[in-house]
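Let chain H serve as the given structure and place chain S on it in line with the hints.
Number of protein chains: 2
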Amino acid sequence: MEFTLHSPLDMHLHLRDGAMLETVAPLSAKEFAGALVMPNLVPPITSKEMVKEYKEQILQASQDGRFTPYMTLFFKSEYDYDFLQDVKDTILAIKLYPAGITTNSSDGVDNFSLDALAPTLEAMSELGIPLCVHGETNGFVMDREAEFVPIYERLAKRFPNLTIIMEHITTKEAVEALMCYENLYATITLHHLYITLDDVAGGLLQPHLFCKPIAKRPEDRMALRKVAFMAHEKVMFGSDSAPHPRSKKEAPGCAAGVFTAPVALAALAQIFEEAGVLENLQKFVSDNAQKIYGITPPKKEVRLIKAPFEVPEKFGDVVPMFAGQKLSWRVERVL
Amino acid sequence: MEFTLHSPLDMHLHLRDGAMLETVAPLSAKEFAGALVMPNLVPPITSKEMVKEYKEQILQASQDGRFTPYMTLFFKSEYDYDFLQDVKDTILAIKLYPAGITTNSSDGVDNFSLDALAPTLEAMSELGIPLCVHGETNGFVMDREAEFVPIYERLAKRFPNLTIIMEHITTKEAVEALMCYENLYATITLHHLYITLDDVAGGLLQPHLFCKPIAKRPEDRMALRKVAFMAHEKVMFGSDSAPHPRSKKEAPGCAAGVFTAPVALAALAQIFEEAGVLENLQKFVSDNAQKIYGITPPKKEVRLIKAPFEVPEKFGDVVPMFAGQKLSWRVERVL
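Residue numbers (our numbering), protein chains in the order written: chain H, 1 to 335; chain S, 336 to 670.
There could be a bad hint or two in this list.
[Claimed, not checked] Below, a list of computed lysine-lysine pairs in the DSSO-like style, where the Cα atoms sit at most 27 Å apart:
id: 1; chain 1: H; residue 1: 248; chain 2: S; residue 2: 583
id: 2; chain 1: H; residue 1: 248; chain 2: H; residue 2: 314
id: 3; chain 1: S; residue 1: 492; chain 2: S; residue 2: 626
id: 4; chain 1: S; residue 1: 569; chain 2: S; residue 2: 583
id: 5; chain 1: H; residue 1: 314; chain 2: H; residue 2: 30
id: 6; chain 1: S; residue 1: 583; chain 2: H; residue 2: 314
id: 7; chain 1: S; residue 1: 569; chain 2: S; residue 2: 634
id: 8; chain 1: S; residue 1: 649; chain 2: H; residue 2: 248
id: 9; chain 1: S; residue 1: 583; chain 2: H; residue 2: 326
id: 10; chain 1: S; residue 1: 583; chain 2: S; residue 2: 507
id: 11; chain 1: S; residue 1: 387; chain 2: S; residue 2: 634
id: 12; chain 1: H; residue 1: 172; chain 2: H; residue 2: 283
id: 13; chain 1: H; residue 1: 248; chain 2: S; residue 2: 661
id: 14; chain 1: H; residue 1: 88; chain 2: H; residue 2: 291
id: 15; chain 1: S; residue 1: 492; chain 2: S; residue 2: 411
id: 16; chain 1: H; residue 1: 172; chain 2: H; residue 2: 234
id: 17; chain 1: H; residue 1: 172; chain 2: S; residue 2: 507
Please keep in mind that the hints were generated in silico from the structure rather than gathered at the bench.
None of the values given here were measured: they were computed from a predicted structure.
Same shape as in the complex, but just chain H (with noise of 0.2 Å):
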């Protein structure tokens, strides 16, 4: 059996930078047309000079010229309508970050008075700029994303115009959410379409499998599964792959993050076709983000095939998700 993508895109993709930068930007840029690229550097990208240096950085570390990165600034309530008219034409998105919520997010929004947000965010909405949210609070790890909910709902009510992210989202909560206003859309992972916390702390701990938000219960994971295997017009893929070198994850302390860049097509294919929806696969995974976000990405087309692929212990220093596994498709071609 086998199975051609066209032009998939990552619409939520961590590339660090320097060295690791080096390591996982060609993963990424090997199977897929174009990726979401997040802004929690250190420091954050925050200024337009910022975005095209860093921009620059995965072109030259990406070394595939078919592949674009889609750039996005970290959001403050800072940015005004000047600012946000002069840096338009760099950016795809701009990521809102609750503070401290999750790796490199200390310089985020700890203030959600929507009067205090209002002037960038109706800035935002008049230049039509998406917004992508972490929605997380700072409450019970199980509760924080379900408790983010009325904070969604608020944002989509007062800025109607405003195209909204709910990025990685992980629970029955936040897809009935998504229904409610025409102006929210999600981002979903590999991982979280995979795992429950089940897969995590169930058994033996499994820190390679820990992330923010952490993977919850069997239920969510149906919610989550059923809008991504319909393939939703309001749901699109987004890894989240998140690398860290292994001795961050493989100690006390584990930093939060899966890294499923360069096995995601695979598993996807795996699991879509599991479902019996293969057929879905091309919409979640790029045709539903080109109408979101209004891209149309370079031309890729990336040949599946089903046979086993043995998936490496690790890239570089990082260890991927299914390291060590078996999936039973693998990208055969890319043209």
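Chain S alone, transformed into the frame defined by chain H:
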């Protein structure tokens, strides 16, 4: 400020064997007058001879003549009246593990038909041997204990003369059930009084706080604190202190267990004092267990003072809870 505990008891303790036993037994024996020792070695303790030999090893390793290891057998539904009558004087209780539910439990019970268990449990009732239970199903990790509660209730109803100890309870559901049946009792650990899942996986991942049953929600911890702090006569301290070599904790596939034995009394004094109920600690950590089990431990006075205790990074090759942190109480002297 100072405070004296009389003959403190740890009614759920893992001492392991071999070199690990040599490392950890003296740490418990120094500060406790006795401990109920779990039988889940490889192979598990299932005969009178094994009990006697293991007890001898513990006594030799513990280096303290005033420490009583109260022994347990690993529950098997093959145990009949004659076997139990013969072994009775060498043990204090029998520990039941559902198959595969925790460290070294693969030989446990995989059939919760009460009819299948009845002959053994009826003999235990008659002979007055308490049943200690690791009460978890193999369901979703956050639900396992609550799902097991109906089994506790069926056991309590069907064997009203059997003393049943709900081991290391972690949920409000278990606390509620405990209050409804005369013959149900429970142990509560140190770590489940301190932590929730947030401490394990809410920030960076903390393998040294990963245990089974996993730490639950804030409202669950609240329910445990309530009955522990009032030293309810149905609850007693059982550390479930479970040493693993550092290499097994700080790696993918991290083993479950928190090592608390050498910090338990200091940390209990701290949290009971913070709750304003230091006067209830004696009951929680000794008197209740003496009544529930009908035991009289060796006399041992443990003097605690409110003074900084810098917890060592390691004991042998084992990392304790609070490693490298400062507790506000410490054991000053043992008389």
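Each hint tested on the structure:
1. H:248 / S:583: The given pair, whose Cα atoms are some 16 Å apart, holds under the 27 Å limit.
2. H:248 / H:314: The hint holds at about 14 Å.
3. S:492 / S:626: Holds, at roughly 22 Å.
4. S:569 / S:583: 35 Å, violated
5. H:314 / H:30: Distance ~17 Å between residue 314 of chain H and residue 30 of chain H Cα, so the pair holds.
6. S:583 / H:314: 21 Å, holds
7. S:569 / S:634: With a Cα-Cα distance of about 23 Å, the restraint between residue 569 of chain S and residue 634 of chain S holds, given a limit of 27 Å.
8. S:649 / H:248: 21 Å, holds
9. S:583 / H:326: 25 Å, holds
10. S:583 / S:507: Between residue 583 of chain S and residue 507 of chain S the Cα gap is close to 31 Å, so the pair fails against 27 Å, i.e. violated.
11. S:387 / S:634: Status holds; Cα separation ~23 Å.
12. H:172 / H:283: 21 Å, holds
13. H:248 / S:661: 25 Å, holds
14. H:88 / H:291: Holds. Residue 88 of chain H to residue 291 of chain H sits at ~19 Å (cutoff 27 Å).
15. S:492 / S:411: With Cα atoms ~21 Å apart, residue 492 of chain S and residue 411 of chain S stay inside 27 Å; holds.
16. H:172 / H:234: 15 Å, holds
17. H:172 / S:507: 24 Å, holds
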